[in-house]
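The opening position of the sequence shown corresponds to residue 1 in full-length UniProt numbering, with each subsequent residue numbered one higher.
Note that these hints are calculated values from the structure, not bench results. These figures come from a predicted structure and were not determined experimentally. Do not rely on the hints blindly, as some may be mistaken.
Taking lysine-lysine pairs in the DSSO-like style, the calculated list, with each CA pair at most 27 Å apart, reads [claimed, not checked]:
1) K469 to K414
2) K348 to K455
3) K455 to K477
4) K477 to K414
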Amino acid sequence: MRGACYTNRTFVDDDGRAARDAPTPSVNSDCSQMLSGVVLNVQGLKMATGEHDVPPLQGRARFRELLLGDQPCQSEDRVHVEFYVNENTFKERLKQFFIKNQRSSLRIRIFNFCLKVLTCVLYIIRVMTDNPAHLRNTWELILWVDRKTPVWAIQVIVASISFLEAMLLMYLSYKGNIWEQIFQVAFLLEMLNTVPFIITIFWPTLRNLFIPVFLNCWLAKHALENMINDLHRAIQRTHSAMFNQVLILICTLLCLVFTGTCGIQHLERAGRNRLSLFNALYFCIVTFSTVGFGDVTPQIWPSQLLVVVMICVALVVLPLQFEELIYLWMERQKSGGNYSRHRAQTEKHVVLCVSSLKIDLLMDFLNEFYAHPHTQDYYVVILCPCEADSQVRRVLQIPLWSQRVIYLQGSALKNQDLLRAKMDDAEACFILSSRNEADRMAADHQTILRAWAVKDFAPNCPLYVQILKPENKFHVKFADHVVCEEEFKYALLALNCLCPATSTLVTLLVHTSRGQEGQQSPEEWQRMYGRCSGNEVYHIRLSDSMFFREFEKKSFTYAAFHAHKNRVTHHVALYRLGTVAMDFQNTSPTGNTAKLAPPSENGPESRRTSIAPVLEVADSACLLPCDLLSDQSEDETAHSDEDVPSVSEYVAFPRES
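Produce the complete structure using the sequences and hints provided.
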């Protein structure tokens, strides 16, 4: 909006001296409301091209000054500066409403689409009510039709609205080349279907002139495409290329069939065997499907020529549309598409985020994740910025994984890709790094960024993060679970000093095995090692266990000894407080020490177990060297039954026979 706001400003002369300060008129109080006009004091200002007299204000500005009570001195030179002039013109307002504004332009395109569909419906009604019996010359039936007055009136109204709209849009989109806009196919079709109806208003004898109104189907297709684009802009939808291409292909097929049906039906009016609209539709469907039964055929050369033209157009247009559709489909298959929102809300899934997916990392994760019985019905969505290599694609095509693993190419740093993976509905998110990274610090930096992005996008999603360097754990302390590889490795090596083979034990526990490793080896210890590596771990409560219920309120030494004697467990049982009972096969004691003696209830020929407590591994910063070197072992036989808690938990390893 143009307004009138005037003020006096002081300018600096060319010689550097400030000009005389002019009193600010009272109208300055209104400048905060109207910012489209400013009057500047140019008393001491010199123009670059020479000194010129400033033209006086326009009469409208002087009249507004008179109304506002601003009466400056007549000797003051003033200039009128206007802002936002181009944006406030009538043309710009119309362009803002018809083109730039998303909601208003969407409504206009919907209205335009409805008009074009209405014209096609009116054409079908005109064909159904046509009665060409009063025309004798057969060729006149091509130029003249029997159009009822109500149908003609509605078509004239629709044509007038369409014509005015086309002229207005042409005026708003004019950019200096009028011929470029005139020779557009859409504009020519619009003029072909609207101008003849407007002429019939002033020339009544032409009211029955044939007008190819059925060609408006192509204008309806164009309006529908623009309408879908505006709709996607309004709802902020960006991944719509596949939908748009499918829509264009379907609309193209419908327009080809409808154009051929109406054209052949109209041209066959001049022949002996006139075709109905349904027979013409049947002929087009059979022809475009390359079946060609031959029971319905055009009889005169104009309709036969139209069939040839339509087939040529279909052979040119449809392959291009199919090629674009196949290209988009292949690109979508490479990127993985989107994980369905309905599927994410009705089924459980976890997201695996990696920077580069290798086959060993993938198989380790899948084998360990699906080894637990409670995760068998989970889906794994892999989010990786790199394209899957040939080995990964072959693995994902295996029926065991193809139904449960979904690969999406994308970055966890982009909200769009996290939305594709439905991270906000995921049961958990795993952010892993490859152990073979050359630059482990850079790999941790990428992991930290991905963890930040996931936590910001889905704060309620449980986060499992693997860090390679211990100094980087500080940046991901917000995660629910953080595993540092180097810290864990050195903690196991430290525990080896207290309890030998702890690292081997933990390594076997955290890896799933079927016990088939080393069975072909000639060494017996290798076969036993591979067979026992397949033992499973079960978390049980002592009071609820059928096998360990009898050991309640007994010492751990007594329980471990009799459990192993009864072949309930094999080799190892872990106590809740951290004590480890280790069974050494075929190992005779070196001396009669109390720590290796079995409970008194057993005979001297019973096998002995070596009992040693395991320290809880604290944070690496709090772990002192003296803790690793001190002897904190205890004689388990010295404990009484009262020292044992009433409710205990065991992690048992069933013995394989």
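Status of each hint after checking the structure:
1. K469 to K414: holds (25 Å)
2. K348 to K455: This hinted pair holds, its Cα atoms lying about 19 Å apart.
3. K455 to K477: Given that 27 Å is the threshold and the Cα spacing comes to 11 Å, the pair holds.
4. K477 to K414: Judged against 27 Å, a Cα distance of about 22 Å means the pair holds.
In the structure shown, no violation is registered for any of the earlier numbered hints.
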